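Asks: The residues making up each chain are set out below.
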Amino acid sequence: MVSSASTFGRSGSHDFILLRATAIIMALYTIFMVSFFVSADAVTYASLTNLFAHLGMKIFTMLALTAILIHGWIGIFQVLTDYVKKVGLRAFLQFVVCVALIVYWLVGLLVVWPVEGV
Amino acid sequence: MQKLNVSVYRYNPDVDNAPYMKDYTIEVEKNRDMMVLDLLLLLKEQDPTLAFRRSCREGVCGSDGLNMNGKNGLACITPLSALKGGDKKIVIRPLPGMPVIRDLIVDLSQFYAQYEKIKPYLINDDKTPPARERLQSIEERAKLDGLYECILCACCSSSCPSFWWNPDKFIGPAGLLNAYRFLIDSRDTATEERLNDLDDAFSVFRCHGIMNCVNVCPKGLNPTKAIGNIKSMLLKRAI
Ligand code: SF4
Ligand code: SF4
Ligand code: FES
Numbered sequence: 001m002v003s004s005a006s007t008f009g010r011s012g013s014h015d016f017i018l019l020r021a022t023a024i025i026m027a028l029y030t031i032f033m034v035s036f037f038v039s040a041d042a043v044t045y046a047s048l049t050n051l052f053a054h055l056g057m058k059i060f061t062m063l064a065l066t067a068i069l070i071h072g073w074i075g076i077f078q079v080l081t082d083y084v085k086k087v088g089l090r091a092f093l094q095f096v097v098c099v100a101l102i103v104y105w106l107v108g109l110l111v112v113w114p115v116e117g118v
Numbered sequence: 119m120q121k122l123n124v125s126v127y128r129y130n131p132d133v134d135n136a137p138y139m140k141d142y143t144i145e146v147e148k149n150r151d152m153m154v155l156d157l158l159l160l161l162k163e164q165d166p167t168l169a170f171r172r173s174c175r176e177g178v179c180g181s182d183g184l185n186m187n188g189k190n191g192l193a194c195i196t197p198l199s200a201l202k203g204g205d206k207k208i209v210i211r212p213l214p215g216m217p218v219i220r221d222l223i224v225d226l227s228q229f230y231a232q233y234e235k236i237k238p239y240l241i242n243d244d245k246t247p248p249a250r251e252r253l254q255s256i257e258e259r260a261k262l263d264g265l266y267e268c269i270l271c272a273c274c275s276s277s278c279p280s281f282w283w284n285p286d287k288f289i290g291p292a293g294l295l296n297a298y299r300f301l302i303d304s305r306d307t308a309t310e311e312r313l314n315d316l317d318d319a320f321s322v323f324r325c326h327g328i329m330n331c332v333n334v335c336p337k338g339l340n341p342t343k344a345i346g347n348i349k350s351m352l353l354k355r356a357i
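Chains as they are written, first to last, in our numbering: chain A, 1 to 118; chain B, 119 to 357.
Think of the hints as simulated: they come from the structure by calculation, not from any bench. Given the structure is predicted, the values throughout are model-derived calculations rather than measurements. Check before you lean on any hint, since a few could be wrong.
With a straight-line cut-off of 30 angstroms between C-alpha atoms, the simulated DSSO-like cross-links for lysine-lysine are [stated by the list, open to error]:
no.	chain 1	residue 1	chain 2	residue 2
1	B	LYS189	A	LYS85
2	A	LYS85	B	LYS287
3	B	LYS235	B	LYS354
4	A	LYS86	B	LYS287
5	B	LYS261	B	LYS235
6	B	LYS287	B	LYS354
7	A	LYS85	B	LYS235
8	B	LYS337	B	LYS349
9	B	LYS349	A	LYS85
10	B	LYS235	A	LYS86
11	B	LYS121	B	LYS189
12	A	LYS85	B	LYS237
One chain only, chain A, in its complex shape:
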């Protein structure tokens, strides 16, 4: 058993499942957003704010950002442990990426949650 403190899941299979599950959420969100932009007659400030005023849309967006957080965390851990052999440098890079992912999540929450329709 190889132990590693810096990944997200509790075990190898947990990581594996989280990676797949979050990928599905990200794919659904992408498909939804793309189809919104493609099908809208004109994308205006009003149509966007009305979309994000829905509670469902807020939750879907936060879900997608959470998925990005988890997926990015595990994914970056895997890439860095493959390619960065200096432990100090790797820990630093992992730290920077994880902080950035958490900041994305928080900023997303602060931006999306207060949106009210026009």
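Dock chain B with the ligands against the given chain A, drawing on the hints supplied.
Replies: The following block gives chain B with the ligands in isolation, referenced to the frame of chain A:
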């Protein structure tokens, strides 16, 4: 007669500062095919300082795993005619990603350490062992086909990028093929413990299905499939 151009990786840490490629020209009978091992033996007559491993010369012992024209395989059962790009220019290197001891001889300690980790022997906690032997049905025995034939030549693990990057943490295709051989053996009772030992971020899950291992195995085995089966066993347990 026909001339063959061969380029061989040479490194003797006692005298060389760095590894280098040495070119040889060798005369062989026209239109005569031979195994790469035969060629190496001819080269060794020309240059006795050339070092490589071999033993059985028939693909059974697994000691002459080499990289020939970019592809791993056993020198004794790889004919020159089967080399990638033909025998126009033959390039022979040691197995990639392994520390070189001398010339074509690599240090396989890490490879064996990974094999040791998977406990490559039957574990049975039966307090009253049968008087004669543990019998298997024909079906139970058939599950070991395609697994027990592994000769630990290291061709697969040394072609696997995941093993190159983490040879101390990722078990590698050879070790995992053997791990699965014991996981599905009906006589083994340590399945849970074995799975516990493998369920981390590296041991099994570093395999990303690149399938280089399947591509090179000289025994025609399929480590990727065995690894996929281990992953499903782990995931079934986790959900
Ligand atoms: S699986 Fe094939 S390539 Fe790998 S060690 Fe066994 S025999 Fe060699
Ligand atoms: S399938 Fe897995 S074990 Fe085989 S070469 Fe690819 S990563 Fe390595
Ligand atoms: S010499 Fe034994 S496998 Fe090639």
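Asks: Are the hints correct? Go through all of them and say.
Replies: Cross-check of the supplied hints:
| no. | hint | verdict |
| --- | --- | --- |
| 1 | LYS189/B / LYS85/A | holds (26 angstroms) |
| 2 | LYS85/A / LYS287/B | holds (13 angstroms) |
| 3 | LYS235/B / LYS354/B | holds (23 angstroms) |
| 4 | LYS86/A / LYS287/B | holds (16 angstroms) |
| 5 | LYS261/B / LYS235/B | holds (22 angstroms) |
| 6 | LYS287/B / LYS354/B | holds (23 angstroms) |
| 7 | LYS85/A / LYS235/B | holds (23 angstroms) |
| 8 | LYS337/B / LYS349/B | holds (23 angstroms) |
| 9 | LYS349/B / LYS85/A | holds (26 angstroms) |
| 10 | LYS235/B / LYS86/A | holds (25 angstroms) |
| 11 | LYS121/B / LYS189/B | holds (23 angstroms) |
| 12 | LYS85/A / LYS237/B | holds (28 angstroms) |
Violated hints for the displayed structure: none, as all numbered hints are satisfied.
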